[in-house]
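Asker: Work out the full structure, taking the sequences as your base and the hints as a guide.
Each protein sequence line maps, in turn, to chains A and B. The first sequence lines up with residues 6 to 545 when you count with my numbering. The second sequence lines up with residues 7 to 131 when you count with my numbering.
What the hints contain is simulated information worked out from the structure, not anything from laboratory work. Treat each hint with caution, since some may be false.
To be verified - In silico lysine-lysine, DSBU-like type, Cα no more than 30 Å apart, as pairs: (1) B:Lys-127 with A:Lys-508; (2) A:Lys-20 with A:Lys-48; (3) B:Lys-99 with A:Lys-515; (4) A:Lys-515 with A:Lys-502; (5) B:Lys-108 with B:Lys-127; (6) A:Lys-533 with B:Lys-99; (7) A:Lys-533 with B:Lys-108; (8) A:Lys-447 with B:Lys-99; (9) A:Lys-327 with A:Lys-167; (10) A:Lys-222 with B:Lys-128; (11) B:Lys-127 with A:Lys-222; (12) A:Lys-490 with A:Lys-502; (13) A:Lys-272 with A:Lys-175.
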Amino acid sequence: MNRTLYGNLIFELSKKGRKGYSLPQDYDRTHTTAELPEALRRKDAARLPECDELTVVRHYTNLSHNNFGVNDGFYPLGSCTMKYNPVINEEIAAMKAFAGLHPLQPAETCQGALEVYYNLQQSLAELAGLSEFTLNPCAGAHGELTGLMVIRAYHEAMENRKIRNEEMKKDEAPASSYSLNLTFSNSQRTKVLIPDSAHGTNPASAAVCGLEVVEVKSLADGTVDVEHLRQLLDEMGNQVAAMMMTNPNTLGIFEPRVLEITEMVHKAGGLMYYDGANLNALLGECRPGDMGFDVMHINLHKTFSTPHGGGGPGSGPVGVRKGLEQFLPTPRVKMEPPHTAPEGASEPMFTIDFGNVSSSGDEGGATATSALGSVGSFFGNYGVMLKAYAYILSLGHEYVKQVGPLATLNANYIKERLRDDYLLPIGGLCKHEVVFDGLVDKSTGVTTMDVAKRLLDYGYHAPTIYFPLLFHESLMIEPTENESKETIDAFIDVMHKIAAEAKTDPELVKTAPHNTPIGRVDDVLAAKQPVTTYWRTLEC
Amino acid sequence: MANFESGLYYSESHEYVRVEGEFGYIGISDYAQHALGNVVYVDMPEVDDEVTAGEEFGAVESVKAASDLIAPVSGTVVEVNEALEDEPELLNKDAFANWIIKVQLSDPAELDNLMDVEAYKKHCE
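Answerer: Here's what the structure looks like:
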């Protein structure tokens, strides 16, 4: 990382009248706004910066040097899986044949692109142990919302089927399938059970989906309190739409009673949702579908090596078990004949199902070939999918199985080597990440925040701090499977060094960072009085 | 490290009630403000709102985390501490002096479900 800050704002480089473009001399400047209503036209100049092209290029190049990414150094940000983004992914995604596609292009003109899309759906389903995936959601939380919408639609369709069946029983007519014309009735299943250790997005997604959050307590070891869950299911089982779970949980601990939990929730009529944020720990080793989960999302930008953290768009595909496919959103890419057809029947064609939503339902309910319709623009972030698929193919069956075990090995190695200086609240094996509760020696007053800031001085990205909320001084380290033993040893040495500094020179740690372009920032002032625009600064 | 004030009723989620006649002043304990760190925002209900014991009535946001405020007792809000709107950091300066809401208690018997300072001290260990 740069030791000196490039701190210019583009506005400060502006010189009146300077520009990096030239318009035709007869260009009519009024033309672009003439069609806008008077009230919408800008009265004053926009005060955009005026710079030549070279100045702009230098400005942004220098700004980029202030950045710190996985390509700069070790980035052990817990819960984020900051793994290496292989260069080949970028090369594939940049291929003109992919990058130049239009989302409304006829399917027969982009069969290759659709084949990749379809194959990724299939690969994810296989890795997750589920039936089918939609690649449409554009991020993890978007996936959570989509997954919960799937669950809600399922319960509403079940409720409708129940009503229908009861009506038909009266007429003694045979029960019809609800799968052709999806119709919905309000369901009383509006509660979502979420462990108190969950990622904050879980309750947020449930609330956005119009569902009510009910917190499930954790035991002292951070795992789900199954007895509390049982109590909640006894109280409100018939109102439970789903339980959301991360496994391993946010403490990096595998939930040993997961099979019991999924069975209990299923018995009560609820579905199990798997938050794929921590999937990296299990990749290739075990599958959410086999644990009894019905719906899940995967963060391609975590587990499948695509850039994130300000470095690129995300992707949060949602998978469902058999029987729930019809509730997935559109568009979907399908293969005809389906892969179950006998081989050599005919060359497969890839088609796009846009859902054909119609609002003319019988008895006031909407009907559609898809329960949800669309959850975003077109197909999702296709470039991210290409990168994820390239990653899966690069690893192949054999090496994908090593991802989870190696990530777990690295985290446990760090855990064992740091537990002399850093307080380990939960012993035993962790999975892909380890959570400490600050320094063992609390007498110096050096906090987790101070340790994280001091790490910056040594050229590391800080770990995740003050999450999970179960401990006061959480410091959460996720090394990923990519890092060499040398890199991890060097990090461990620095962590020990900081612990020693906390004893011998606590002020040094408390006032860190010292070697970065910007020192300790005032978090309170930044939160209370953020200055986010240049012009506001001038006017203040 | 944290201060504990006697004569108050404490909840497991670290709110306190100071009872004066039929009114209760609800705030967060010194232990809670310590754990939260620098408070940057307090989300409070409005006067005349009803709060229910065990249910959230607002939130405290710090540089570390956002945390729901859980009502230790039920009642009607008769006053909110407006000073916290501009100076949420008052909670860090003195959490016991700077209560968050004042409620008219609807069921004083609920106080029996709360902890006294000795029990609360143990709870925080």
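Asker: So, for every hint listed, does it hold in this structure?
Answerer: To see whether the hints hold, each was checked on the structure:
1. B:Lys-127 with A:Lys-508: Holds, at roughly 29 Å.
2. A:Lys-20 with A:Lys-48: Roughly 22 Å separates the two Cα atoms, so the pair holds.
3. B:Lys-99 with A:Lys-515: 21 Å, holds
4. A:Lys-515 with A:Lys-502: 14 Å, holds
5. B:Lys-108 with B:Lys-127: 24 Å, holds
6. A:Lys-533 with B:Lys-99: 17 Å, holds
7. A:Lys-533 with B:Lys-108: Since the Cα atoms of Lys-533 (chain A) and Lys-108 (chain B) sit roughly 25 Å apart, the hinted pair holds (cutoff 30 Å).
8. A:Lys-447 with B:Lys-99: Roughly 22 Å between the alpha carbons, so the hint for Lys-447 (chain A) and Lys-99 (chain B) holds.
9. A:Lys-327 with A:Lys-167: 20 Å, holds
10. A:Lys-222 with B:Lys-128: Satisfied, since the Cα-Cα distance of roughly 20 Å is no more than 30 Å.
11. B:Lys-127 with A:Lys-222: 22 Å, holds
12. A:Lys-490 with A:Lys-502: 18 Å, holds
13. A:Lys-272 with A:Lys-175: This hinted pair holds, its Cα atoms lying about 28 Å apart.
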